[in-house]
Amino acid sequence: MKQFKLYNNIFGWVAFAIAAITYLMTIEPTASFWDCGEFIAAAFKLDVGHPPGAPFFMLTGRMFAHFASSPEMVAMCINAMSAIFSALTILFLFWTITHLARKIVFKNENQPSLAEIITVLGAGMVGALAYTFSDTFWFSAVEGEVYAYSSLFTAVVFWAILKWEDCADEPLAERWIIFIAYLMGLSIGVHLLNLLCIPALVLVFYYKKYEEPNLKGTLLALLISFVLVAVVLYGIVPGFVNMAGWFDLLFVNVLGCSFNTGAVVYILLMIAAIVWGLWESYKGKSELRSRIAFCVNMIFVGIPFVGYKAWLWIVLIAAIVVFAFKWKKLSGSLINTILLSLMVMLIGYFSYGLTVIRSSAQPPMDQNSPDNMFSLERYLNREQYGETPLLYGQTFVSEVKWKRSGNNCIPIYEKRGAVWNKKAKNSPDEKDRYEITGYNERPVMADELNMFFPRMHSAREDHIAAYKAWSNFQGKKVTYDKCGQKETVMKPTMVENLRFFFSYQVNYMYWRYFMWNFAGRQNDIQGTMGELHAGNWITGIKFIDRMLVGDMDEMPDELKQNKGYNRYYMLPLILGLLGILAQAYGGKKGVQGFWITFFLFFMTGLAIVLYLNQTPNQPRERDYAYAGSFYAFCIWIGLAIPALVRLVEKIMPKTIAAILVSVLCLGVPTLMACENWDDHDRSGRYTCRDFAYNYLVGCEEDAIIFTNGDNDTFPLWYIQEVEGVRTDVRVCNMSYLQTDWYYSQMLRPYYESEAFPVDWTEPMYKNGKRDVARIIPRRQDSISLQQAMSWLESDKEFTKRIQGYQEDIDYIPANRLYLNIDKQQVLDNKYVDEKYANRIVEKMDFNFNGKSYLGKHELMLLKLIEEGEWKRPLYFAVTVDPALMRSYQRYFIHEGLVYKIAPVNRCVDTDKMYDNLCNNFRWGNIQDSTVYLDENNLRMCRTQRQMFGTLIKALCQEGKFEKAEAAIARCEEIFPKDLFPVNFVDAGLSGYQEIIEAYYMMGKTQEARDLIAEAFSTSEDCLNWVFSQREGLWASGLRLANNQLYVMQDLLSNMGSKDPELIKIYGDMFQQYARLYQSIR
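Add 479 to a position in the sequence shown, counting from 1, and you land on the number used in the numbering used here.
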């Protein structure tokens, strides 16, 4: 056994080295898109990221950031942290597989044969390396995100319970249990996914402690494990903060202390209670005192305080007391172990103290401002994201229940507890105090329209359309009472509900990802509706793939050359299925190991599917959430080796069979590495950093830029916070600007960026004040912006009372506003160049006709325009939702990746835009064919290329043909057509329509025709591929066909008048494809 342990350690570290080298070679050298920029910035400056936060990730990231030789290297160091932690995950996976393989291979644990050792080590290497090179895990391993770290916690916790199993009957074996509890506490500060390991851990405990386990005992163990998950997730995590909040409320509002004093006192009392409990249970002098101490700790830590119902709290407190005093097996030593586990879990959980401390320091990134226990509770509960029904709730046709109040009908809301906030101060000398600013209210929905296990619950229009498509919706008529009137709607049936659940949530959003990792992947294009060309799973076996996605040999070149086209020929899947059989039929220990692995697989996969209850049209692929499930399946991949060895050893010596099978099966992870390398190698890619730089460098000094989504906000935060680029520019996310905490942050100065020039004080916008302003016209003509803001800011009764409303409301008494412009002031402040002097308008008009209200974010923008006096430049990023810009876009100056709000009619500043695009912008190595650009990066590139198209067309309209030609040359240098086709399969021309139009303006008809020919060639390839599919696949190809028909139609309608020859060349082709499309639609 000593020999095996030596080899086991050596080969485990070899697996680690292979993984570490792979990941370190392929990490992104700077920040990645999505949340990575935010996480890296938060780690570097110990800022507060989005709920529910990851303070322990931040602390660890901060440590790795210290190894950076310059700010530009910080991101690489934190990415390297993910790579190292991912490699450590592989190490512990190897040891986990070898532990489980021993149980079904070793006949004599103390003296295993050489063949058995080779078999077990081969199993470990094959399974561990399969996970190393798997699609999902490799993706997370090379970026600065929490999922690599979370995977490490999962791996170590699962390995630790197996180490406990080895020494469970020895003295001090409980130290492994306490170690696991500590890791659980730490993992809460990274991601809650690790808690899903608990059922598998409890099964290991049950199978070890009970010599004759049975079905009844197994089910009871699972029930206890689910209770433990609930205790941690719904008891300790929120309960501890709830208790601290109640103490703080007492100390602040009653005793007059400062904020968080009560929380500190509570923590000290909690420590004292645990120490008392440990002392009593260790000394064992009084069983009664030990049990009382147990009760006090379980209650004091907040476990019973689930939800908002006092009766439920009483029931749970009573249950704890009954359990403590009635369960005879609750010995002093067990109480001691439980309290020690609770103590170390809380030590790990205390990493959230960093969140409160840093939020109190008001850092530049302080999302949700969780600087006290009440805001921390909401932060942890992710309240800003709303609730999703799980077992019972609304469908997409559900309506709020109404009740009569006099002559009016009012909606019914269920109050679920008071919302406590810091009282806004008019002066710093005022005492700290909390006040109730509202109640957690949830609308009560009409029971007739609700259903059990509601999967189709969102009422968003695009979601409803997708629900109907995925479920083949027909519905059933349901009549309900709407405040005395009978209304009839088509409610989804349970069959349709389950059809959506299995077809979309289970199949498309889980099994598709599973097959990506173990069968093959069509490409890296994001799929949303099961499109023929986008992100499906494949095998590489032609006759199977033809049934799944049609004939891939006939695909357009862009799809064929996609680096995400990975074929594993289902070999990892086959090995995994063999491993399942090998473990399930591997005797008593094998069966036990199977159920342990199965529940790890289920809880980190399908259980998450059930819990998330995802809506359609997700903004990105979500496979990273299920990495733990794929981890478990790789255990089974490894366990296929013993099964194959047993087959092969019938025809050759055992040792040779073990060597042969292990070597041959190592070909599977080798195949995965070869297929996946090109689409997981992010080395040399600087797009996230450089595109963020492009947004900021295009802004004037001390500007304010309004952004909207993750990918036009987090990269900008990263490059400012970490690399210190253009910290004079204030980045303002419009989604966050709907909250009072973000208002407060915008009204504070940071770095070289001054506060927003707005004179609102906290009592004017906090705690429910002016969250929205209804638009209720009281006159036909427009009013000035100053009048509107003055009316809104007034607290006089006549500005808040309106007939038909029972309560005071904030409103604006007109739907059209205007702002008179002082032309000389605009020029004196150099807000616009002198060349625009004759284009400055006398008055800016803002038309809100059709809108019923203005949100907090819109009010702030109007306030900035009103009070700004044209001193501070205001910009929108071009990627902001057009609906948010609609009322202002007639006053845009397009200068690159930003629109400047200015009192001139909309135009393109060709001088600035040319300078930005051709001279100032950075391009992140996108022109290098060896640099991998996934679909998300390509989407960003298409946006930038579109800006070239806008510039080139504007230059031609101004008669600047030489500059236009130079811009075309620069565009083709940055975006070479062999990497960025004229006509993208899934996104159209992306700037080339404007370039074609520019060629016609310059009289270069042949160059225009050449580009049109390229575009039509792509369209023809796409349409031929779609229409050549069998009938069952036509529907899934309609999106692609529609996109390309639109490209053809757009070119013919816009360019046909300039070049009638196009109609002769391509008109019949378009008509033929359009008729085909209509016939199968």
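Watch out, some of these pointers could steer you wrong.
Calculated lysine-lysine pairs in the PhoX-like style (CA-CA distance at most 25 Å, straight line) [as the list claims (entries may be wrong)]: (1) K894 to K1248; (2) K1067 to K1133; (3) K1342 to K902; (4) K586 to K1067; (5) K1335 to K1314; (6) K1483 to K1442; (7) K1314 to K1350; (8) K1322 to K1302; (9) K1309 to K1342.
Worth flagging that the hints you see were computed from the coordinates, not collected in a lab.
_Check the structure against each numbered hint from earlier and tell me which ones fail, lowest number first._
Result: hint 5 breaks, nothing else.
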